[in-house]
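Chains as they are written, first to last, in numbering that gives the first Met the number 0: chain A, 0 to 410; chain B, 0 to 258.
I should point out that these hints are in silico values taken from the structure, not numbers from a laboratory.
Note that CB positions come from ideal geometry on N, CA and C, so glycine has one too.
Check each hint, because a few of them may be wrong.
Claimed, not checked - Derived DSS-like pairs: lysine-lysine, alpha-carbon spacing no greater than 25 Å straight-line:
#, chain 1, residue 1, chain 2, residue 2
1, B, 27, A, 281
2, B, 183, A, 281
3, A, 326, A, 389
4, B, 183, B, 145
5, B, 36, B, 183
6, B, 227, A, 230
7, B, 36, B, 145
8, B, 227, B, 41
9, B, 145, A, 281
10, B, 30, B, 41
11, A, 337, A, 326
12, B, 75, B, 114
13, A, 326, A, 227
14, B, 227, B, 75
15, B, 227, B, 249
16, B, 36, B, 75
17, B, 145, B, 27
18, A, 281, B, 175
19, B, 175, A, 230
20, A, 302, A, 281
21, A, 227, B, 248
22, B, 41, B, 75
23, B, 248, B, 27
24, A, 281, B, 166
25, B, 175, B, 27
26, A, 227, B, 145
27, B, 30, B, 145
Claimed, not checked - Facing chain A, according to a computed beta carbon distance under 7 Å, are these residues of chain B, among others:
#, residue
28, 102
29, 106
30, 139
31, 220
32, 221
33, 225
34, 229
35, 232
36, 241
37, 248
What the hints assert, rightly or not - Pairwise CB distance ranges, derived in the manner of DEER restraints:
#, chain 1, residue 1, chain 2, residue 2, range
38, A, 196, B, 191, 40 to 50 Å
39, A, 199, B, 130, 21 to 31 Å
40, B, 239, A, 27, 52 to 62 Å
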Amino acid sequence: MSEHHYTPSSKFGKWFNDRLPLLTLGDHLASYPTPKNLNYWWTFGGILTFCLVTQIVTGLVLAMHYVAHADMAFDSVEHIMRNVNYGWLIRYIHSNGASMFFLAVYIHIFRALFYGSYKSPREIIWILGMLIYLLMMATAFMGYVLPWGQMSFWGATVITNLFSAIPLVGESIVTWLWGGYAVDNPTLTRFFSLHYLFPFIILGLVVLHIWALHVPGNNNPVGIDIKKPSKDTVPFHPYITIKDLFALLIFLIIFSGFVFFSPNVLGHSDNYIQANPMVTPKHIVPEWYLLPFYAILRSVPDKLGGVVLLFASIFILMALPWLDRSKVRSAIFRPIYKQFFWLLVLDVLVLGYVGAMPAEGLYLLIARVSTAYYFLHFLVILPVLSSFEKTEPLPLSISAPVLTGNSNEYK
Amino acid sequence: MNINKFIYIKLIIILLFSSNILFASDTKLIKQNWSFKGVTGKFDRSSLQRGYQVYTEVCASCHSMNLLSYRNLGEKGGPEFSLDQVKAIAANFEITDGPNSDGEMFTRPGRPSDKFVSPYPNVQASMAANGGAYPPDMSVLVKARKGGSDYIYSLLVGYEDPPSGFKLDDGVYYNKYMDGNQIKMSNPLSDGLVSYSDGTNATESQMAKDVTHFLTWAAEPHLENRHKTGWRVIIFLIILTLLVYFSMKKVWSRIDSEK
């Protein structure tokens with residue numbers, strides 16, 4: 000792909016690279032031509048990779064001390080918090096790291112939505128990304144069950160019970176998932192096992208995600224196809240690596256703020272009460288990053304309907320490249336889409352908010368309207384907009400972006 | 000366009016902040032100016048020591064603290080009793096150990112490495128002795144309640160006569176801050192209930208403050224180290240960020256000057 004061909008200078012290097020072109024790969028990654036106008040919204044890919052590695056490394060250490068047993072899990076987590084050297088740090092990084100991971104992935108996804116990064120020829124990158132996101136949700140959910148607190152137990156009960164909505168085989172599936180007739184020790188041990196496995200599947204998908212990215216190259220804020228390499232591109236190293244590092248450090252400062260100064264603010268106090276099947280918490284709420292979907296689930300009076308809508312809300316995203324037919328990628332040149340984009344952001348935030356509230360009265364009404372709007376955005380607004388919207392003229396290249404209008408827009 | 004974006008962002012910010020107001024419950028907790036609050040918060044040693052006295056003389060007759068060992072009382076960042084004091088405290092308790100080489104269980108005086116002795120052999124026994132209510136284990140109680148330390152303090156001083164027309168069930172007490180206003184625990188504190196060895200006047204509010212202080216440490220024993228490490232990490236990160244920022248400017252100046 001790259002224009003010049005790298006050859007190792009040492010004899011051993013040459014011998015090795017002829018057998019496994021690892022050195023050439025490193026060269027490809029370093030010289031990978033990247034659009035020079037990428038803004039800070041593009042740094043979240045690197046941040047997310049960092050988050051994944053952090054979760055795997057801290058998780059590995061936690062698993063050395065954690066005991067996956069219904070009678071011992073809660074105390075073993077407290078053992079980590081109290082007696083393991085810097086166990087509190089490892090565990091707070093891991094639990095807050097999940098939240099930071101989702102914060103970053105939501106910014107990453109909305110960036111793709113704003114700049115049309117899911118459009119041809121990047122559909123596969125997008126779908127792989129959505130699969131990663133789905134697995135992330137499953138992993139986070141199972142991880143939240145492991146401390147075996149009240150929210151762990153009742154969250155697991157509510158979510159696994161969703162599958163009972165499936166006609167005919169629903170009940171059997173739930174029993175099979177639980178490994179018994181209620182959420183209990185077999186459920187905990189299989190969740191632990193899967194919680195350990197999934198991050199490595201995610202890691203594999205991340206490799207594919209990046210591989211697929213390196214075929215067409217990065218999208219960019221202007222959203223036009225560019226020649227690579229050219230005056231419009233810079234080599235990945237050192238230009239992008241240092242910019243990513245700078246953004247990562249800013250991210251780490253915020254991350255540290257949570258870990259060291261308010262490590263429990265994103266969690267629920269009920270999860271410091273050991274799981275008790277006889278006592279149901281007043282409000283069962285999932286972690287904040289799952290709240291929009293929880294709101295969609297509860298906005299439907301029928302259980303099966305709610306479950307169908309919940310899964311539809313995620314899978315509809317995978318069809319996005321074919322729902323939005325507009326040839327113009329970046330919202331900068333789509334005046335109407337831009338408005339609807341921010342409306343969608345607002346809609347998802349509202350859904351998250353009502354997801355944390357009891358499903359009654361005004362909250363339920365807001366949840367229903369927001370759910371309807373969510374689907375309206377993808378199923379009606381985007382397809383209609385694709386054919387009706389008058390887009391603004393695109394620049395010919397990044398270096399000479401100005402045809403008309405002001406050039407400050409995409410700096 | 001930009002104005003619209005601005006309005007949306009403003010709306011979002013208002014929504015996020017107003018959610019705090021909507022979340023708040025009807026009864027406002029009594030807010031204390033705890034020394035452990037904030038980013039430089041530390042525990043007050045003497046308050047922790049007094050708090051332990053209140054716990055062990057009052058609360059411990061019903062509430063266990065299974066996650067703590069006597070050695071914790073002497074560890075850095077906690078009440079920091081001296082090693083001799085910790086040994087003396089532990090020796091006050093009788094521990095069932097064994098089996099010995101004859102296969103018999105036996106009792107011996109406690110050691111610093113022993114876990115806090117529970118008042119009841121099991122949950123069922125504690126419920127039977129307390130009218131069916133389980134006195135919760137206090138090890139992480141502060142973290143297990145919304146409002147944390149302020150909630151525990153408020154609850155301890157929140158006993159009052161029920162308002163007229165309020166129907167109180169048998170064997171429960173009225174508490175302003177308890178969910179549903181009915182609590183099975185009778186008012187545990189009263190002025191002069193313990194006599195502090197450091198001469199502090201043992202008012203109800205003072206004891207409530209001290210025991211809450213102690214329970215906050217028990218729930219988060221590494222709080223002081225966490226705050227201290229946090230500052231080091233963040234200062235390190237800020238310096239590194241600045242260095243990387245200037246390096247980035249330097250590297251990118253090659254590209255920016257081409258234009």
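Exercise. Could you check the structure against the hints above and give me the numbers of any it violates, in ascending order?
Key: 5, 6, 15, 19, 23, 26, 28, 29, 36, 37, 38, 39 and 40
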